[in-house]
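The residues making up each chain are set out below.
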Amino acid sequence: MMTHNKPSSGAHVGANRSVRQIMWQVMLALSPATVFGLWCFGWPAVFLFSVTLTSAVLFEAFCIRLKGKAVKPVLLDGSALLTGWLLAMTLPPWAPWWLGVVGAGLAIVLGKQVYGGLGQNLFNPAMLARVALLISFPIEMTTWANVSPLFFADSPSFADSLGITFSGLQNLDAYTGATTLGYIKTEFSQHRLLPDILKDYSAVLNFIGWTRGSLGETSTLLLGLGGLWLIRQNIIQWQIPVSLLMTVALLSGVFHLLDSDHYVSPFLHLNSGAMMCVAFFIATDYVTSPNTATGQLVFGAGCGLLIFVIRTWGAYPEGAGFAVLLMNAATPLIDHYIRPRIYGRDRKGKPLEIPKP
Amino acid sequence: MTGLFSNWRIRGGVHAEERKTSTATQAIVTDFPLPKKLYIPLQQHVGKPAEPLIKVGEVVLKGQLLAHSQGMISAPVHASSSGVILDVNDYPAPHPSALPIRMIVLETDGKDEWLQTPDIGDPFQLPPEDISLRVGAAGIVGLGGATFPTAVKLNMGRENRIDTLIINGAECEPYLSCDDRLMQERADAIIDGVRLMLHGMETHSAVVAIEDNKPQAFAAMTAAALPYPSVKVVQIPTRYPMGWDRQLIRYVTGKEVPVGCRSSEIGVTIHNVGTAYAVHNAIRHGRPLVSRVVTVAGGAVQRPMNVEVPLGTLIADLFNFCYVSPEKTARIVMGGPMMGDSLPHISLPTVKATSGILALTQSELKDTDEQPCIRCASCVTVCPAGLRPLDMANNIRANQLDAAVDIGLKDCISCGCCSYICPSNIPLVHYFKYASGEVAARQQAQHKSEQTKRLMEARQARLDRIAQQQKEEEEARIAAKKERDRLKAEQEATV
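As given, the protein sequences belong to chains C and A, one line each in that order.
Counting along the first sequence from 1, when you hit position 294 you're at 294 in the working numbering, and nothing is skipped either side.
Counting along the second sequence from 1, when you hit position 431 you're at 431 in the working numbering, and nothing is skipped either side.
Hints in this document: simulated from the structure, not taken from any laboratory.
Among the hints, a few may not be true.
As the list claims (entries may be wrong) - In silico DMTMM-like links for lysine to aspartate or glutamate, alpha-carbon gap of 20 Å or less:
#, chain 1, residue 1, chain 2, residue 2
1, A, Lys366, A, Asp341
2, C, Lys348, A, Asp402
3, A, Lys36, A, Asp109
4, C, Lys350, A, Asp402
5, C, Lys348, A, Glu202
6, C, Lys348, A, Glu472
7, A, Lys433, A, Asp464
8, A, Lys410, C, Glu353
9, A, Lys37, A, Glu308
10, A, Lys111, A, Asp90
11, A, Lys255, C, Glu140
12, C, Lys348, C, Asp335
13, A, Lys55, A, Glu18
14, C, Lys350, A, Asp464
15, A, Lys36, A, Glu58
16, C, Lys6, A, Glu308
17, A, Lys453, A, Asp464
18, C, Lys69, A, Asp212
19, C, Lys6, A, Glu438
20, C, Lys185, C, Glu140
21, C, Lys72, A, Asp391
22, C, Lys72, A, Asp109
23, A, Lys448, A, Asp464
24, A, Lys37, A, Asp122
25, A, Lys255, C, Asp346
26, C, Lys348, A, Asp130
27, C, Lys348, A, Asp391
28, A, Lys48, A, Glu18
29, C, Lys6, A, Glu370
Stated by the list, open to error - Quick list of the computed label-pair ranges, beta carbon to beta carbon:
#, chain 1, residue 1, chain 2, residue 2, range
30, A, Thr452, C, Gly116, 14 to 24 Å
31, A, Glu51, C, Pro73, 49 to 59 Å
32, A, Glu438, C, Gln233, 49 to 59 Å
33, C, Gln233, A, His95, 34 to 44 Å
34, A, Gln362, C, Asn146, 48 to 58 Å
35, A, Ile73, C, Leu66, 54 to 64 Å
36, A, Lys448, C, Gly116, 34 to 44 Å
37, A, Val234, C, Pro73, 45 to 55 Å
38, C, Lys348, A, Asp122, 50 to 60 Å
39, C, Pro138, A, Glu438, 48 to 58 Å
40, A, Thr361, C, Pro73, 16 to 26 Å
As the structure is a computational prediction, the values presented were derived from the model and not from experiment.
Don't be surprised by glycine CBs; every beta carbon is placed ideally from N, CA and C.
Please construct the entire structure, taking both the sequences and the accompanying hints into account.
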């Protein structure tokens with residue numbers, strides 16, 4: 001006779017999507033922009049990327065070992081790899097190797113494991129690490145390499161690249177410059193006006209990603225497409241990206257209309273890979289964003305507002321990291337106040353009244 | 001982007017893989033060999049168990065009353081075939097616990113001979129109350145799984161002067177197709193049952209709602225309902241749990257049933273298509289509810305089918321008939337795979353609530369490898385009741401059951417959408433069922449301790465009162481003695 005003694009409740013069947021699949025799909029969505037970034041910035045970027053991902057995984061393994069748990073299943077869920085990947089994408093492509101290691105350590109140990117591991121952290125680990133690095137190592141974190149693709153004659157050779165990543169960059173100025181946003185900020189302090197500053201700005205090159213910037217954050221096109229694919233795959237919901245981008249567009253639009261000499265147009269704001277990366281990949285992090293659709297709209301709008309404020313008036317032109325961390329801190333509050341209405345009850349939880357016939 | 005355009009009347013839900021085709025494409029099997037023994041539980045419904053009125057050894061006919069209903073909410077039980085009563089005793093219940101409950105064991109004589117009942121003529125000439133009485137006497141209960149006595153619902157509908165009767169033909173659970181087949185093959189009888197219910201409730205409009213993944217059932221029902229303007233057949237989107245009565249009521253009428261109310265209080269009553277069919281049989285043919293159509297499906301079933309079986313048939317007999325492979329069976333589920341319960345073994349009877357028995361293989365089951373919650377909030381998105389399963393589970397894990405109740409534990413309908421969707425394989429519904437049971441147990445324990453305390457206090461008060469009384473009597477006695485002594489002394493003095 002058949003006997004099955006362990007009782008189990010429904011659902012006995014399930015949607016076949018595991019945590020591991022979700023993580024890998026996000027990485028898949030990131031890969032076009034990443035591959036393009038690695039190609040644009042050559043061997044040093046490849047080295048930095050590898051170092052950061054490897055150290056993220058090693059730090060995770062170390063922490064799990066400390067906890068006394070089996071390492072392999074945890075590593076296989078891909079969350080540490082994804083954190084390392086996101087962090088690497090936001091680093092300057094020719095940054096020294098130790099920046100990747102320190103960043104990965106901050107992200108995995110301080111950003112995630114001290115809270116209790118996957119799903120427990122308050123802040124987005126990759127952004128926490130990036131902001132900590134930006135404050136601690138401002139020079140290294142704002143030295144942006146020129147586009148120098150793999151296999152181009154002017155690009156550094158494999159051997160030179162090893163030198164760039166592992167023993168520091170010599171003759172900095174020849175290879176580096178400022179990002180668009182950073183450049184605007186600097187030139188404002190020289191009392192120049194926007195139409196003048198942006199003479200050399202190419203919307204098309206920025207859209208494709210042929211510009212100075214973080215390792216994997218230059219291409220608006222590829223990151224945007226990756227994000228749209230994630231929405232299509234139902235991995236992320238549309239609420240956060242849409243409300244974030246709309247808020248930035250709206251605010252910058254209003255200010256640009258009022259004073260186009262000092263306020264960058266919404267197109268320039270949105271035509272940046274970093275904005276796409278934050279909207280689709282960073283702010284949508286499940287763990288650190290609200291649970292409800294309405295909460296997510298509020299969260300996205302808050303991120304957008306803070307990004308605009310920090311970019312426009314703050315000291316850091318790349319302020320998205322700060323904006324996301326601040327809104328991460330507000331997430332428990334948003335979840336406390338914005339709750340779904342329970343069937344048959346009003347918003348306060350009281351039973352609905354019986355309608356009079 | 002689906003969130004933008006979805007109907008506001010549908011909330012949450014999942015679209016689970018249907019897996020209905022293996023049974024939905026073939027006719028209901030009606031030549032199930034009569035089992036040697038039938039195990040008929042006295043409780044196959046919500047409310048009080050029925051009270052047996054037969055003796056062991058008695059010979060009964062098919063459809064004969066075996067146990068009568070007792071109390072306001074209850075239902076009688078009838079003989080599912082003709083034969084001899086072997087025993088009235090405790091046998092394992094078709095429940096995850098398989099704990100013993102009272103059952104009547106009937107040894108069939110193979111004749112399957114019906115009890116003859118008088119013809120009642122045109123039932124629409126009967127007074128409406130008579131319809132409910134006959135439905136009640138036929139032992140009909142909600143066959144969608146809720147097993148609430150149908151007569152009680154008909155009475156409530158009549159008393160509340162409801163305006164719409166909804167007939168639930170959603171059958172949103174994967175695998176199950178018994179209602180689908182019933183609608184395809186016996187549409188006329190169902191529509192007749194619907195009209196009888198309308199008559200019984202003195203209501204003039206019924207809506208039969210069928211999920212749009214059953215076009216043939218819809219066509220058959222539409223054709224059957226064509227002559228009767230009071231019965232409308234509509235298609236509804238296929239989305240689990242569309243068949244949840246309150247979801248269906250909101251979709252069809254736009255009204256939401258307040259928490260703590262019966263749907264009849266807002267003018268709607270909902271019955272299952274199987275129930276309507278049973279009403280037809282009871283009123284037109286005088287046949288009580290003694291059999292039902294059961295879906296037997298799942299990867300371990302070699303001959304999946306819908307089969308009409310007498311109530312009380314052991315699942316083991318059913319599995320033999322359908323060639324269920326014991327080696328392949330990883331889990332036996334009674335009902336659908338979303339809300340159904342796992343059964344520990346198969347020596348359990350089919351009852352009025354049994355819409356399906358599934359023998360699932362390991363590959364069909366959801367992974368049980370539990371991982372940490374990543375707060376993806378899929379469970380919040382799919383919850384049709386508007387709850388936050390992840391927060392409730394967190395509270396329960398920390399043993400903060402009151403906090404879980406505060407955020408809606410009691411509004412959970414155990415539909416299983418959250419467990420279904422969870423990428424971390426967290427058995428959320430299991431948590432909620434555990435917590436609900438625990439909350440009830442704690443309340444009971446608290447009630448008991450309060451009761452004990454009250455008794456203790458009463459006893460103490462009684463003892464105090466007795467002591468006080470004794471003290472007063474003693475004092476009175478001493479005072480009387482003193483008085484006597486004084487009088488005696490006075491007397492002696494005067495003498």
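A quick look at each hint next to the structure:
1. With a C-alpha separation of about 14 Å, the suggested pairing of lysine 366(A) with aspartate 341(A) holds against the 20 Å cut-off.
2. Of the pairs offered as hints, the one joining lysine 348(C) and aspartate 402(A) holds, with about 17 Å between alpha carbons and a cut-off of 20 Å not exceeded.
3. Proximity of lysine 36(A) to aspartate 109(A) is assessed by CA-CA distance (about 8 Å); at most 20 Å being required, the pair is judged to hold.
4. A hinted pair counts as satisfied when its Cα atoms are at most 20 Å apart, and lysine 350(C) with aspartate 402(A) qualifies at roughly 17 Å.
5. Between lysine 348(C) and glutamate 202(A) the CA atoms are separated by roughly 37 Å; this puts the pair beyond 20 Å, and the hint is violated.
6. For the given pair, lysine 348(C) sits about 59 Å from glutamate 472(A) by alpha-carbon distance, which is inconsistent with the 20 Å threshold.
7. Restraint check for lysine 433(A) and aspartate 464(A): the C-alpha separation of about 46 Å exceeds 20 Å, so the hint is violated.
8. Note on lysine 410(A) and glutamate 353(C): the hinted pairing holds, with a Cα-Cα distance of about 19 Å set against a maximum of 20 Å.
9. Using a Cα cut-off of 20 Å, the hinted pair lysine 37(A) and glutamate 308(A) holds, with the two alpha carbons roughly 16 Å apart.
10. With a CA separation close to 27 Å, the supplied pair lysine 111(A) and aspartate 90(A) exceeds the 20 Å bound.
11. For the hint pairing lysine 255(A) with glutamate 140(C), the CA-to-CA distance comes to about 62 Å; that exceeds 20 Å, so the pair is violated.
12. Of the pairs offered as hints, the one joining lysine 348(C) and aspartate 335(C) holds, with about 15 Å between alpha carbons and a cut-off of 20 Å not exceeded.
13. About 46 Å separates the Cα atoms of lysine 55(A) and glutamate 18(A), which puts this hinted pair outside 20 Å; it is violated.
14. Of the pairs offered as hints, the one joining lysine 350(C) and aspartate 464(A) is violated, with about 46 Å between alpha carbons and a cut-off of 20 Å exceeded.
15. Distance check on the hinted pair: lysine 36(A) and glutamate 58(A) sit about 16 Å apart at the alpha-carbon level, within 20 Å; holds.
16. With a C-alpha separation of about 30 Å, the suggested pair lysine 6(C) and glutamate 308(A) falls outside the 20 Å cut-off, and the hint is violated.
17. The hinted pair formed by lysine 453(A) and aspartate 464(A) meets the criterion: a straight-line CA distance of about 16 Å does not exceed 20 Å.
18. The suggested pairing of lysine 69(C) with aspartate 212(A) is violated, with an alpha-carbon distance near 49 Å, which exceeds 20 Å.
19. For the proposed pair lysine 6(C) and glutamate 438(A), the alpha carbon gap of about 19 Å is at most 20 Å, so the pair holds.
20. Our distance criterion of 20 Å between C-alpha atoms is met by lysine 185(C) and glutamate 140(C), whose separation comes to about 18 Å.
21. Between lysine 72(C) and aspartate 391(A) the alpha-carbon distance is near 28 Å, which puts this suggested pair outside the 20 Å criterion.
22. Proposed proximity of lysine 72(C) and aspartate 109(A) is contradicted: the alpha carbons are some 62 Å apart, above 20 Å.
23. Among the hinted pairs, lysine 448(A) with aspartate 464(A) is inconsistent with the structure: their alpha-carbon atoms are about 24 Å apart, more than 20 Å.
24. About 37 Å separates the Cα atoms of lysine 37(A) and aspartate 122(A), which puts this hinted pair outside 20 Å; it is violated.
25. Pair hint lysine 255(A) plus aspartate 346(C) holds up; C-alpha atoms about 14 Å apart against a cutoff of 20 Å.
26. Straight-line distance between C-alpha atoms of lysine 348(C) and aspartate 130(A) comes to about 44 Å, which puts the hinted pair past the 20 Å bound.
27. This hinted pair checks out: lysine 348(C) and aspartate 391(A) have alpha carbons roughly 17 Å apart, not beyond 20 Å.
28. Using a Cα cut-off of 20 Å, the hinted pair lysine 48(A) and glutamate 18(A) is violated, with the two alpha carbons roughly 35 Å apart.
29. Of the pairs offered as hints, the one joining lysine 6(C) and glutamate 370(A) holds, with about 16 Å between alpha carbons and a cut-off of 20 Å not exceeded.
30. Checked against the given bound of 14 to 24 Å, the beta carbons of threonine 452(A) and glycine 116(C), roughly 42 Å apart, lie outside it.
31. Distance hint check: the CB atoms of glutamate 51(A) and proline 73(C) are about 56 Å apart, consistent with the given range 49 to 59 Å.
32. Checking the proposed 49 to 59 Å range against glutamate 438(A) and glutamine 233(C) shows it is violated: the Cβ atoms sit about 38 Å from each other.
33. Range check, glutamine 233(C) to histidine 95(A): Cβ separation about 40 Å, and the 34 to 44 Å hint holds.
34. Remark: the range hint 48 to 58 Å for glutamine 362(A) to asparagine 146(C) is upheld by a beta-carbon distance near 57 Å.
35. One distance hint, 54 to 64 Å for the beta-carbon pair isoleucine 73(A) and leucine 66(C), holds here, with the actual separation near 58 Å.
36. Separation of lysine 448(A) from glycine 116(C) is about 38 Å and conforms to the stated range, judged on CB atoms against 34 to 44 Å.
37. Distance hint check: the CB atoms of valine 234(A) and proline 73(C) are about 49 Å apart, consistent with the given range 45 to 55 Å.
38. Distance hint check for lysine 348(C) and aspartate 122(A): the Cβ-Cβ separation is about 53 Å, which falls inside the suggested range of 50 to 60 Å.
39. The supplied range of 48 to 58 Å is met by proline 138(C) and glutamate 438(A), whose beta-carbon atoms lie about 55 Å from each other.
40. A beta carbon spacing of about 24 Å between threonine 361(A) and proline 73(C) agrees with the range 16 to 26 Å that was offered as a hint.
In summary, the structure is inconsistent with hints 5, 6, 7, 10, 11, 13, 14, 16, 18, 21, 22, 23, 24, 26, 28, 30 and 32 from the numbered list given earlier, while agreeing with the others.
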